[in-house]
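Visitor: As given, the protein sequences belong to chains P and F, one line each in that order.
Under the working numbering, the first sequence is numbered contiguously, ending at residue 302.
Under the working numbering, the second sequence is numbered contiguously, ending at residue 1160.
Just so you have them, the derived chain P footprint on chain F, three or more residues with Cβ under 8 Å:
#, segment
1, 1014-1022
2, 1038-1045
3, 1079-1088
4, 1113-1124
5, 1129-1140
Pair ranges (Cβ atoms, derived):
#, chain 1, residue 1, chain 2, residue 2, range
6, F, 1017, P, 256, 26 to 36 Å
7, P, 205, F, 1147, 15 to 25 Å
8, P, 205, F, 1130, 30 to 40 Å
9, P, 136, F, 1054, 43 to 53 Å
10, P, 212, F, 1105, 31 to 41 Å
11, F, 1105, P, 144, 47 to 57 Å
12, F, 1073, P, 136, 52 to 62 Å
13, P, 45, F, 1011, 38 to 48 Å
14, P, 213, F, 1134, 20 to 30 Å
15, P, 44, F, 1120, 16 to 26 Å
16, P, 98, F, 1065, 46 to 56 Å
Every beta carbon over 12 Å from chain P, so not counted as near; a handful from chain F, in silico:
#, residue
17, 1032
18, 1065
19, 1067
No lab work stands behind these hints: they were computed from the structure.
In this text, a Cβ means the ideal position worked out from N, Cα and C, and glycines have one as well.
Read off the chains here:
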Amino acid sequence: MKQTLLQRWDRFFYRTVPPHTFAILRIGFALFLMLYWGSEWRDAALFSREFGVFLPKISTDISILTFFLQPPLWFVHVFFVITFLLLTMFLVGYRTRTTALLLLILSIYFYFWNQWLFATSFYRLFQFSLAVFLFPGADKAFSMAMWRKHGSFWAWQPMSIFPLRLFALQLTATYLGVGWQKLILPGWDSGAVLFHSFTSRWGTSFGFYLARILPSEFLDWLVWLTLLLECTMPFGLWIRKVQWIYFLGGFVFHTLITLTLGIWWFQIMVPMYIVFLDPEAVFQWVRVRSKGKISPDSSAVL
Amino acid sequence: MQQHRFFTDALLLSYLVVTAAAFTVTMTDWMPSGFLQAPIRYSYGMMAPYQGASQYNRELQLVGYDDKGTATPIPLDSYFPGLRGEKNSRQLLDQFIDLSIENTGPVYRSFLEQIRDHEHAQGRTYASFQLWKERWPTDARGYRAGRERGVERIFLLRFP
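Bound conformation, chain P alone (with noise of 0.2 Å):
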């Protein structure tokens, strides 16, 4: 029977389907979130007034305010240690729409006390995928939530598509913007801007090393594979038949910034690009891996 638009619209946005895609993000995001925010800990000192340096986003003439966005150094190590302890709760599945709420506050809080300074599109994806964690599912499978109400780790409870969608969309909008912009950028007709960009202050030792060595015809070559890759990997990431070629470039484009540029936040979009795989399809394929222990209907505990 054919389908009219409103049901397409109905099954492409709201559909009931297994919760493993979303909870395999969640474990994901949640590592890398602490592989960040592991390496801002790092630079802890330089977060605080002893040692860094403020250049306020909103007046600070209000005394409370001046505690918050100019903190000193204990109270920048409290802040890490409780967005940690959110960090593990998240990442187990312990409250976890209330968790994403608490580390979206704590980093709005961050952006205000000191990131702005630095505000990049990842921090922008990853306030955007903590907003997304707002919506329920994520705790549905692989997570203590599901230990307490059905005591299995494996139980699970089917979702709505709606939130895997939203993280499918912004990755769809964030290459579209990414790569067509490319096309009218001044400088993106040669391999001239990458020479510039390996060179720069981005530049790692190994982007001076390609410098180098890399002919300029190479360098023309590879902004036209680079223009080619991301103007259609908007179209690609959603063709089940090209998916992978694109999940593969996908790998490949993002590790070799970070290898040549030193950009490594936005990796986390390689593991991302599951949202693009049916989530029945996923759900078969952590089924079968789990030796039995995944009931093929949910909440049922084997």
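Based on these hints, arrange chain F on the given structure of chain P.
Guide: The following block gives chain F in isolation, referenced to the frame of chain P:
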């Protein structure tokens, strides 16, 4: 249930509108005014990273002078977190996109007040400071190698 569905549909449509507008901004530089500007700007930030490729590298140079006028270069990197790119981005006030070079004075004054206090706490006291912005051509031999081919200096501030 109906109410919940109405809420998610409204949220989804708002998200799609804001994202579409942000894509338009990405491609045309046209930014609408009004209450939607903040979410559109935020969404734009998620889809337009890294546009900073340039043929020049830039850096701040800070020099402290003691009572006798002896100049001592003060390395700024030790006051900023992250790797070189992040430290550099913070020092050059990349986020103050609305500030022209003439208007960076008050911001850098606050910046230098704090560095003066930190240096003093570590036993290094200076009577005054001078701050420059420098730029030099990029070079595959190394980050600073291009300085051999010439450094342009822009004087920013004398403090106090």
